[in-house]
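Student: Chain by chain, the residues run as shown.
2 protein chains.
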Amino acid sequence: MPDHIKVSENILSFNDEIAKINRKLLDEYKLFSINIMASPGAGKTSAILKTFEQITGKFKLGMVDGDLASSIDADKANQSGISAVQINTGGGCHLDAKMVNDALKKLPLGALDALVVENVGNLVCPANFDLGTDKNILIASIPEGDDKPYKYPGIYRGVDALIINKVDLLPYIEFDLNYFKKGVEILNPGLVTFPISCVSGEGIADWVKWFTEHIFAKKGT
Amino acid sequence: MPDHIKVSENILSFNDEIAKINRKLLDEYKLFSINIMASPGAGKTSAILKTFEQITGKFKLGMVDGDLASSIDADKANQSGISAVQINTGGGCHLDAKMVNDALKKLPLGALDALVVENVGNLVCPANFDLGTDKNILIASIPEGDDKPYKYPGIYRGVDALIINKVDLLPYIEFDLNYFKKGVEILNPGLVTFPISCVSGEGIADWVKWFTEHIFAKKGT
Numbered sequence: 000m001p002d003h004i005k006v007s008e009n010i011l012s013f014n015d016e017i018a019k020i021n022r023k024l025l026d027e028y029k030l031f032s033i034n035i036m037a038s039p040g041a042g043k044t045s046a047i048l049k050t051f052e053q054i055t056g057k058f059k060l061g062m063v064d065g066d067l068a069s070s071i072d073a074d075k076a077n078q079s080g081i082s083a084v085q086i087n088t089g090g091g092c093h094l095d096a097k098m099v100n101d102a103l104k105k106l107p108l109g110a111l112d113a114l115v116v117e118n119v120g121n122l123v124c125p126a127n128f129d130l131g132t133d134k135n136i137l138i139a140s141i142p143e144g145d146d147k148p149y150k151y152p153g154i155y156r157g158v159d160a161l162i163i164n165k166v167d168l169l170p171y172i173e174f175d176l177n178y179f180k181k182g183v184e185i186l187n188p189g190l191v192t193f194p195i196s197c198v199s200g201e202g203i204a205d206w207v208k209w210f211t212e213h214i215f216a217k218k219g220t
Numbered sequence: 000m001p002d003h004i005k006v007s008e009n010i011l012s013f014n015d016e017i018a019k020i021n022r023k024l025l026d027e028y029k030l031f032s033i034n035i036m037a038s039p040g041a042g043k044t045s046a047i048l049k050t051f052e053q054i055t056g057k058f059k060l061g062m063v064d065g066d067l068a069s070s071i072d073a074d075k076a077n078q079s080g081i082s083a084v085q086i087n088t089g090g091g092c093h094l095d096a097k098m099v100n101d102a103l104k105k106l107p108l109g110a111l112d113a114l115v116v117e118n119v120g121n122l123v124c125p126a127n128f129d130l131g132t133d134k135n136i137l138i139a140s141i142p143e144g145d146d147k148p149y150k151y152p153g154i155y156r157g158v159d160a161l162i163i164n165k166v167d168l169l170p171y172i173e174f175d176l177n178y179f180k181k182g183v184e185i186l187n188p189g190l191v192t193f194p195i196s197c198v199s200g201e202g203i204a205d206w207v208k209w210f211t212e213h214i215f216a217k218k219g220t
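Quick note, the sequences are listed as chains A and B, same order. Numbering that gives the first Met the number 0 applies: residue 0 is where the first sequence begins, and numbers increase by one. Numbering that gives the first Met the number 0 applies: residue 0 is where the second sequence begins, and numbers increase by one.
What the hints contain is simulated information worked out from the structure, not anything from laboratory work. Don't take every hint at face value.
Stated by the list, open to error - Straight-line Cα separation of at most 30 angstroms, DSBU-like style, residue types lysine-lysine; simulated pairs:
(1) Lys29/A with Lys181/A
(2) Lys5/B with Lys5/A
(3) Lys180/A with Lys217/B
(4) Lys59/A with Lys97/A
(5) Lys181/B with Lys49/A
(6) Lys75/B with Lys181/A
(7) Lys57/A with Lys181/A
(8) Lys29/A with Lys19/A
(9) Lys5/A with Lys19/A
(10) Lys19/B with Lys97/B
(11) Lys75/B with Lys180/A
(12) Lys75/B with Lys104/B
(13) Lys59/A with Lys49/A
(14) Lys29/A with Lys208/A
(15) Lys181/B with Lys75/B
(16) Lys97/A with Lys217/A
(17) Lys49/A with Lys180/B
(18) Lys180/B with Lys105/B
(19) Lys218/B with Lys57/B
(20) Lys75/A with Lys181/B
(21) Lys5/A with Lys29/A
(22) Lys180/B with Lys181/A
(23) Lys217/A with Lys75/A
(24) Lys59/A with Lys23/A
(25) Lys5/B with Lys97/B
(26) Lys59/B with Lys75/B
(27) Lys75/B with Lys19/A
(28) Lys180/B with Lys75/A
(29) Lys217/B with Lys49/B
(30) Lys5/B with Lys57/B
(31) Lys19/A with Lys181/A
(32) Lys97/A with Lys5/B
(33) Lys97/B with Lys5/A
(34) Lys5/A with Lys57/A
(35) Lys218/B with Lys5/A
Unchecked claim - Beta-carbon label-pair distances, calculated as ranges:
(36) Asp74/A with Ile10/B: 33 to 39 angstroms
(37) Leu190/A with Thr55/B: 40 to 46 angstroms
(38) Thr220/A with Asp74/B: 25 to 31 angstroms
(39) Pro170/B with Thr55/A: 39 to 45 angstroms
(40) Trp209/A with Ser199/B: 34 to 40 angstroms
Just so it is clear, CB atoms sit at the ideal spot from N, CA and C, and this is done for glycine as well.
Bound conformation, chain A alone (with noise of 0.2 angstroms):
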C-alpha cells in the first residue's frame, strides 16, 4: 500500500474515534448539534447569526467556529450572545474532530442547549470528517449556480439538510431551480430542503422550526 494511502486511512480511522468521544460527549449533556458545511461566502456566518435572533431567549447557543485564519466570525458571534470558540486550522482545509473536541472543552456545554459547528468554507474536505455531530448541514448559495450538486456531489450525498442561502438574489441570477433540485435528489432522495434569504428573512422560520424541534428531541421534552 501506498505510504499515503496508507497515511490518510490512519488519520480518518484516528478522526472517526475523536468523533466517537465528541459524540458521547454531547449526548451526555443532551446537546443538539449540527455541522455546518459550505463554500466560502455561502453565508454560512449569517444563517447562524439569523437562526441565534429567533431562538434569542429560548435557547443558549454554543459555536465552534473555523477558519484559516481570523476570528472574524467568532467576534461577530460572541457580540451576538453565542459562546463561540475560533478554531484557526493554520492552511487547514477542514475541521477535524480533535480540533471540535479541544474547542468543546472550552465552551460551557452545561450552560447550552445546541452546539453550532461552522467548518472551513469548502464544499470537498470536510465532507470526510465525522465531527461527532448530530446533524451534517450542507448550505448551498443562489449565485454559486445550479450545478454544484453534480460537480460536488460528495458533499451533496452525506448530508442531513440542505439550507438554499440567497434566494433574494434569483431575480438577478440564472439559477434553474429544478435542475439544482433534480441533482441534489439523484444523490440524496428526499434531502430535507431549506430555501432562505437572510436578508428579507424568506423561509427562516421553517429552517428554525426543523432546527428547534430537533433540540427539543435531543433534549428527550
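Fit chain B to the given chain A structure using the hints.
Tutor: Positioned in the frame of chain A, the structure of chain B alone reads:
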C-alpha cells in the same frame, strides 16, 4: 518527523518536479498559460468563455478543466470551440502538476496560442500546488463577501492577478470594496486587479488586454 508531514513534503517535492517539466514543455511551445483558482461558483468557466469570445479568430485556446466529477465545464468549452480536456480528481480537492501533465499530452499544443487551466473550485488546497503555468489567477466574486482576503490569505498571497467577478450584483449585495481591497493590498501589494461582469461585459476588455499582451510577450512577437 511525523509520517504525515514527511508524506506531505514528498508529495509537494514530487509535484514541483513535474511542474518544472510542464513549464519547460509550455515554454518550448511558447504557450502562455494561466492557472485559474476560485471558490465554487465564482464564475471560472463563465470568465474563460467570455474571454474566448473576445479573442476568437485571433487566438486558439486550450483548456484543462479540473472537477471532482462531471464534464459540464469541458463540454461547454468544447462546444464554444476551445480544445478542452476534462480531469476528474475523483474527490481530490485540487489539481496537481501530474494531472496537468497527463492532460497536456491530450492537447494539440502546437496548434494553440494559450492554455487555461481551470482548477477545482476551492480557496484552500489549490494554493499549495504549482502546476507549471506562467501565471496564477484568482477569481473572487461579489456574492462571496468582502472578508475573503482576511479568511483565505494563502491563496490571495500567491497569485499574479485578481479578477473580481459579478460586479453587476453590487447594487443588490452589501460589499465594501475598500475593505476588500485593503485586505488584498496587505497580502499582495500592488496586485493587478480586474473588476468584471460576465453578464454586462463590464471590465472584460481590460482583462482581455492583459491576457493577450501576455500571449504576445510569450510568443516573443
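Student: Does each hint hold? Answer for all of them.
Tutor: Each hint tested on the structure:
no. : hint                                       : in the structure
1   : Lys29/A with Lys181/A                      : violated (36 angstroms)
2   : Lys5/B with Lys5/A                         : holds (13 angstroms)
3   : Lys180/A with Lys217/B                     : violated (45 angstroms)
4   : Lys59/A with Lys97/A                       : holds (24 angstroms)
5   : Lys181/B with Lys49/A                      : holds (28 angstroms)
6   : Lys75/B with Lys181/A                      : holds (20 angstroms)
7   : Lys57/A with Lys181/A                      : violated (37 angstroms)
8   : Lys29/A with Lys19/A                       : holds (15 angstroms)
9   : Lys5/A with Lys19/A                        : holds (21 angstroms)
10  : Lys19/B with Lys97/B                       : holds (11 angstroms)
11  : Lys75/B with Lys180/A                      : holds (21 angstroms)
12  : Lys75/B with Lys104/B                      : holds (21 angstroms)
13  : Lys59/A with Lys49/A                       : holds (14 angstroms)
14  : Lys29/A with Lys208/A                      : holds (18 angstroms)
15  : Lys181/B with Lys75/B                      : violated (36 angstroms)
16  : Lys97/A with Lys217/A                      : holds (23 angstroms)
17  : Lys49/A with Lys180/B                      : holds (27 angstroms)
18  : Lys180/B with Lys105/B                     : violated (39 angstroms)
19  : Lys218/B with Lys57/B                      : holds (14 angstroms)
20  : Lys75/A with Lys181/B                      : holds (20 angstroms)
21  : Lys5/A with Lys29/A                        : violated (36 angstroms)
22  : Lys180/B with Lys181/A                     : violated (38 angstroms)
23  : Lys217/A with Lys75/A                      : holds (27 angstroms)
24  : Lys59/A with Lys23/A                       : holds (20 angstroms)
25  : Lys5/B with Lys97/B                        : holds (20 angstroms)
26  : Lys59/B with Lys75/B                       : holds (16 angstroms)
27  : Lys75/B with Lys19/A                       : violated (44 angstroms)
28  : Lys180/B with Lys75/A                      : holds (21 angstroms)
29  : Lys217/B with Lys49/B                      : holds (22 angstroms)
30  : Lys5/B with Lys57/B                        : violated (47 angstroms)
31  : Lys19/A with Lys181/A                      : violated (34 angstroms)
32  : Lys97/A with Lys5/B                        : holds (21 angstroms)
33  : Lys97/B with Lys5/A                        : holds (21 angstroms)
34  : Lys5/A with Lys57/A                        : violated (47 angstroms)
35  : Lys218/B with Lys5/A                       : violated (45 angstroms)
36  : Asp74/A with Ile10/B: 33 to 39 angstroms   : holds (35 angstroms)
37  : Leu190/A with Thr55/B: 40 to 46 angstroms  : holds (41 angstroms)
38  : Thr220/A with Asp74/B: 25 to 31 angstroms  : violated (53 angstroms)
39  : Pro170/B with Thr55/A: 39 to 45 angstroms  : violated (31 angstroms)
40  : Trp209/A with Ser199/B: 34 to 40 angstroms : holds (38 angstroms)
Checked against the numbered hints given earlier, this structure breaks hints 1, 3, 7, 15, 18, 21, 22, 27, 30, 31, 34, 35, 38, 39; the rest are met.
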